[in-house]
Amino acid sequence: DSGVTQTPKHLITATGQRVTLRCSPRSGDLSVYWYQQSLDQGLQFLIQYYNGEERAKGNILERFSAQQFPDLHSELNLSSLELGDSALYFCASSPMASAGEQYFGPGTRLTVT
Amino acid sequence: SQQGEEDPQALSIQEGENATMNCSYKTSINNLQWYRQNSGRGLVHLILIRSNEREKHSGRLRVTLDTSKKSSSLLITASRAADTASYFCATVAGYSTLTFGKGTMLLVSP
Chain A
7 DSGVTQTPKH LITATGQRVT LRCSPRSGDL SVYWYQQSLD QGLQFLIQYY
57 NGEERAKGNI LERFSAQQFP DLHSELNLSS LELGDSALYF CASSPMASAG
107 EQYFGPGTRL TVT
Chain B
191 SQQGEEDPQA LSIQEGENAT MNCSYKTSIN NLQWYRQNSG RGLVHLILIR
241 SNEREKHSGR LRVTLDTSKK SSSLLITASR AADTASYFCA TVAGYSTLTF
291 GKGTMLLVSP
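In order, the protein sequence lines correspond to chains A and B. The end of the first sequence is residue 119 by my numbering, with every number in the run present. The end of the second sequence is residue 300 by my numbering, with every number in the run present.
Keep in mind the hints are simulated off the structure, nothing from the lab. The structure displayed is predicted, hence computed values, not measured ones. Zero decoy hints are in this set.
Below, simulated EDC-like cross-link-like pairs (lysine to aspartate or glutamate); rule was C-alpha separation at most 20 Å, straight line:
#: 1; chain 1: B; residue 1: Lys259; chain 2: B; residue 2: Glu243
#: 2; chain 1: B; residue 1: Lys246; chain 2: A; residue 2: Glu107
#: 3; chain 1: B; residue 1: Lys292; chain 2: A; residue 2: Asp46
#: 4; chain 1: B; residue 1: Lys292; chain 2: B; residue 2: Asp197
#: 5; chain 1: B; residue 1: Lys292; chain 2: A; residue 2: Glu107
#: 6; chain 1: B; residue 1: Lys260; chain 2: B; residue 2: Asp197
#: 7; chain 1: B; residue 1: Lys246; chain 2: B; residue 2: Asp256
#: 8; chain 1: A; residue 1: Lys63; chain 2: A; residue 2: Glu107
Label-pair ranges, simulated between beta-carbon atoms:
#: 9; chain 1: B; residue 1: Ser299; chain 2: A; residue 2: Lys63; range: 40 to 48 Å
#: 10; chain 1: A; residue 1: Pro101; chain 2: B; residue 2: Ser248; range: 16 to 24 Å
#: 11; chain 1: B; residue 1: Glu243; chain 2: A; residue 2: Pro101; range: 15 to 23 Å
#: 12; chain 1: A; residue 1: Ile66; chain 2: B; residue 2: Ser218; range: 18 to 26 Å
#: 13; chain 1: A; residue 1: Glu107; chain 2: B; residue 2: Ala271; range: 22 to 30 Å
#: 14; chain 1: B; residue 1: Gly230; chain 2: A; residue 2: Arg28; range: 16 to 24 Å
Beta carbons: idealized from backbone N, C-alpha and C, even for Gly.
Let the sequences and hints guide you as you build the complete structure.
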């Protein structure tokens, strides 16, 4: 158990809908990262937050947004969902802002029908 | 975009044998990390090697890094069925975030 929690575990929704994925980092970790894993794209970095501020942006679509709250938990919002958004979404955390070892949550499996 | 590319894509061995996975990357790096993922689960960090290091050990794991060839290898000695998983290399350039390869699927048969 990494200490990173993600909810929900599974999510099934229809195209055009909006969903929110939630992540609680390990106690004391200030950085939160979001990744998308799909068969065709592999593991893609989406976005990083550090102590409430956006730190780095990767291949995140404009339909997706995220934030980190004062208690350091983070939410990833996915809107206008398309079939191609079906994937595993992972959250990871680390103590600092620089990219050393990261601790991954169990993931949320999103299925868009 | 993928920075690291693992080779082979899949590897099947018997328990007790050694498993070697390779990773090649394209740009200069700060460090390189290896992660393990059991089917559909979260990734687990295995080892980090910095750009000024050539070799690192952790238990049955041995990682090498050749920055001149932009490549790394992960050796798992005396493999066990529990080592069955996908293994990913991830690179860090500067202070930016991890960029993962597509992974090697390792199957260890009893």
